[in-house]
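Trainee: Use the sequences and the hints to build the structure in full.
Chains as they are written, first to last, in the working numbering: chain A, 13 to 717; chain B, 13 to 717.
There could be a bad hint or two in this list.
Because identical chains share one entry, a pair is satisfied inside a single copy or across any pair of copies.
[To be verified] Derived BS3-like pairs (lysine-lysine); straight-line CA-CA distance at most 27 Å: (1) LYS108 / LYS230; (2) LYS567 / LYS78; (3) LYS162 / LYS108; (4) LYS567 / LYS712; (5) LYS712 / LYS570; (6) LYS116 / LYS481; (7) LYS481 / LYS570; (8) LYS712 / LYS481.
Source of the hints: derived by calculation from the structure; they are not laboratory data.
Number of protein chains: 2
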Amino acid sequence: MTDAAVRQNIHPKKPATSKRTPAGGAPTAAHSAEEANEPRIDIAAVTELLLGTWAETRHEARELIKDPALWRIDGQPMPEHRERVLGQLRLLVENKGSRRAFPKEYGGLDNNGANLAGFMELVLADPSLQIKSGVQWGLFGSAIYQLGTKKHWDAWLSDVIELELPGAFAMTETGHGSDVASIGTTATYDPDTEEFVIHTPFRGAWKDYLGNAALHGKAATVFAQLITGGVNYGVHCFFVPLRDDEGNFLPGIGGEDDGVKGGLNGIDNGRLHFDHVRVPRFNLLNRYGDVASDGTYTSEISSPGRRFFTMLGALVQGRVSLDGAATTGTALALYIALTYANQRRQFDSGSGSDEVVLLDYGKHQRRLLPLLAQNYAQFFANDELLQKFDGVFSGRADTPAEREDLETLAAALKPLSTWNALSTIQEAREACGGSGFLAENRLVGLHQDLDVYVTFEGDNNVLLQLVGKRLLGDYARQFRGADAAKLASFAARQAAGKIFHGAGLRQFGQSVADRGSVARSVELGLRAEQQHELLAGRVQQMVADIAGRLRPAAKASKAEAAEIFNANQAELIEAARAHGELLQWEAFTDGIAGVEDEGTLQVLTWLRDLFGLHLIEKHLAWYLINGRLSAQRAASVSRYIDRLTLRLRPHAQDLVDAYGFAPEHVRAPIASGAERERQDEAREYYAALAASGEAPVPEKSLKKK
Amino acid sequence: MTDAAVRQNIHPKKPATSKRTPAGGAPTAAHSAEEANEPRIDIAAVTELLLGTWAETRHEARELIKDPALWRIDGQPMPEHRERVLGQLRLLVENKGSRRAFPKEYGGLDNNGANLAGFMELVLADPSLQIKSGVQWGLFGSAIYQLGTKKHWDAWLSDVIELELPGAFAMTETGHGSDVASIGTTATYDPDTEEFVIHTPFRGAWKDYLGNAALHGKAATVFAQLITGGVNYGVHCFFVPLRDDEGNFLPGIGGEDDGVKGGLNGIDNGRLHFDHVRVPRFNLLNRYGDVASDGTYTSEISSPGRRFFTMLGALVQGRVSLDGAATTGTALALYIALTYANQRRQFDSGSGSDEVVLLDYGKHQRRLLPLLAQNYAQFFANDELLQKFDGVFSGRADTPAEREDLETLAAALKPLSTWNALSTIQEAREACGGSGFLAENRLVGLHQDLDVYVTFEGDNNVLLQLVGKRLLGDYARQFRGADAAKLASFAARQAAGKIFHGAGLRQFGQSVADRGSVARSVELGLRAEQQHELLAGRVQQMVADIAGRLRPAAKASKAEAAEIFNANQAELIEAARAHGELLQWEAFTDGIAGVEDEGTLQVLTWLRDLFGLHLIEKHLAWYLINGRLSAQRAASVSRYIDRLTLRLRPHAQDLVDAYGFAPEHVRAPIASGAERERQDEAREYYAALAASGEAPVPEKSLKKK
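Mentor: Below, the structure written as structure tokens:
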């Protein structure tokens, strides 16, 4: 399905005669790159470009998930689905899919980047499989590995990798999700027995929404307020056994099933509560804070706030992998919708030719092609994120600054890609009409399963607010001790400065590669430098404006300060989103900078331009209000986009083929070629009928006589 | 849950002491109208206002669906769900829920408006119930009643009403959905036997996505190309028996199950095909076209095109009822999300007070309150649509012009309300975080079930394109025979003209009631007249601009003309959307014009203003580019919205309580008060702990010592 031989067959050079106008006619636009006689992308090379640094592992993972045993079965009742996914995790173990992130001495492969790259691909098989593996190895296993020390690794890590010890990651509570620091569960140290007493003091402190909690978890990494000697040292993580070998809760432990969810029903999410459950002192995962046998607390990190964020930061991989999985899931939806749009015909064009292929409609191009550009940007941005993650977690570039950058980058990208996933999958489903609503065509299942990605592992708005605060902090740092003259001078050359060092924003005309982009950008439109100037300038000005409005808060009462901040919250989140979009645009631009093949570079530059202009169009009012675009130039943005979508239209199939999906990954009948066969059969029927002379004449022609 | 007594308890006047700052503190904003000492709405009166002309029937329907037997069971496997919904239809029959639309002589009540009003409410019980009833009585039954004649009514109507004869509505085919005129199924008249031969000539002509087709349908109203005497008279509808009493297909009939869908899995959608199936001449539903025994075709409507659209128009009620059901489903989602947002607390404000109620966050107000305003607008617009529908179908105002207006109005409103449903439900689900993803809280189920509303009964984009063409037609009619001087004079006073007579656009300052709106509109903002001028002016200019760009098409070749139209398709759809938004705004404005109670009028005027400004903000770039708003005024739009959301925040609970839902309609644990109880329990626990003197001290306070 993904090779050129099949694709060439999609649009016969000579369209079959129409049932309405036997004379036939030309389609309204070139349908494929061959027809258009235009530069073409090198599909296989683009696949490697998209799969990025860990392409090899991704290919491995894609081979593995060709096995139907790993696929989602639509409509499978929840209990069976849960057991099936548990079995699939065992298949992963057998195929060495569970060990990439862990140290070699426990059977691991010590390859963090590859681990996440491979893990993301599981979304193509069944997102429940992806997320349940994430719970077992990315959260439960990672908590032991990242927050524990060697004694814990020796005790549990091999069993975790082998799935001998399935576990839950018990952080979130019914009463506190985003605000982890305020969880109610307590772990009080008892020096007499050298035990921690894990306790749930009220209903809101029940642990909730935990994968593996309802059925399969034998233990959990439980986050609780560590109390020793009458002092609360804040949230720490404890290893707590949950169930005996028969699956019964151990004494003091209780729970509930979360029941049916909007998606991901292959995972047994549930609630847990603890009634003075005692665990040995050993079970405190003590990498960042420890309690001596006499109850003395020690930590290398003296600031409670920094310690807390360091512990949370050690678990950043969840966000990194959701960014990638959302990107891959979105790609699948676009593959399905664009392949169908290239085959499905509906309505004749009024030009007397054949019925029109959906993707030839202006509206259809407009609704899908900018989303394709956006998805490409996400691939490049995710690979950058993955590289940064691997740098930090391999220890190669593990500094506090790098960690902070990694966390900010993940917090900026995960919200954008997960929201884009939902809106793109929804647009794809609508673009496929009624067949898009059938489970067999996968789009509805993808939407249902990926829905929760926007609120778990950090609610998207909360994450963006974190990014916004970081941007404000970086901005303020510029002016520490600055006098009025310096501020004024800064304001004057604002657009040219490198303001946001840490958060990933490149400096103008410096780190962003623009090799060849001037020549290849849309000729009358906004070239790469101008796109970058507009996108980066918006982030900078929004942050500066918000900082200005927040200034009175410094001298206000706490309540007034909170009110001032609250009045700017929505815009701060919007500034953070603008920052994330800029990062994606920069990653796209850098990502194609090394492309040697002329045709590929040309088409991908158009696609990058489409992404840039799509972002500018989305925020056009802002650019006008802030005098960054004249009304005339602003009006031309939409026209440039129209022109770009027309140019890219013949390349649409190449561009989704370059995702490199095999039929076993796609599995949607409407993207299998069946639609084309049906349309061909219908046209042949009408052609034969017309040739036979037996075709009924239309009433209209009767009246003309 | 819906009465003031319960509501008063939501925000204790004195917040309990915080666990962090035992001194407590004031919330950042007034939470309820009582606290704010502001005008309040008369909740019960607003409920009646929202329920509109057929409020009585709606109350009846809401009483009926308090019966748990009619409720959706989350996670119920598809086969059981299908049987359950069939049983629910029988319950409706027993409770006279199936007869409102039909003539009294067949057991009906002859009340079209009431029928749809009652039917829409079923969405609260289970959207599958709503849609399966729609298939049986709104589509299958309506086809017999609207397209057939007395002989058909005598033969089948009572059995249809009583569900003795469950049926499918077989219009859509796998190969043709939106383009009904091009369906492939044929009905060829055989004068020798006086029968029609129903036949499926190729795979693409299989009937598809038909409710009742997979299991329960005993017959179908089948749309097919009517061929007699070698002439194709276009699409007509035929009554075709499908199954015997044991449920087996009759000879020549075959089919398939559509399987699992993205939602609505209580309905047995399926495919049907016909192999030279013979039905008596009697079975042609012959209201608009007939075939004599010798095969002679006759029709009162000579134009094949007009005949086709008349037949389709007779089935407009599907769109009318989807507009209402989407509106009611959206209201439920907003009730749940806003009630939860009024109880759930997360993060302390930094002001040293208690944890903050979600709805006190600026972002949370911004994301939900404009959607509440939009939903109110939809209620008023739907009631206007329903009145027009009742006028036409009761015969009181059944003229071709009224029918055309009705169809245009339905085609404009259904896309907006169904899309708004999906985006609002999604925003509501995200605003509820992880608990929003649990099926028990209903938001995910609503999204899944309502998803297909945007593409069935007319794909939303296709419907809007129809509206756009109507707008272009009305526009062109102004200038028939106009000379250049007239055109120029028109252009000059464009903003003041009543251009679109038929399509529902009111004339400035004339039909739109603005009683009291000047005084009550946001004082510094855009008052009602200005909102109307901006919204209406945009529709007018967009249509005029598109018409101008399409002018060359008149003299172009067919292929070129098609290309010119295609280049403007996306914008024409956008113009139609703008028109629909204007209609909603006008309906809202008229809808509150008669309100006597001062407080109610004040609050609903703010809400109408919020809706208007929300629309203007959405299209701000257009207003700037087209010189309708200066950059300065445009910049103030967002500030006005911020101010309005702050003003409306204390009224949010009143406004969703005014939907009039009972606990049996809501059924979401997070909107039951359980969340408030949990938060109260947690605060009491911390307060008692603090009072006991046993509370652990925070590490931070330790360091200060």
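Trainee: Hint by hint, where does the structure go against what was stated? Just the numbers, ascending.
Mentor: 2, 6
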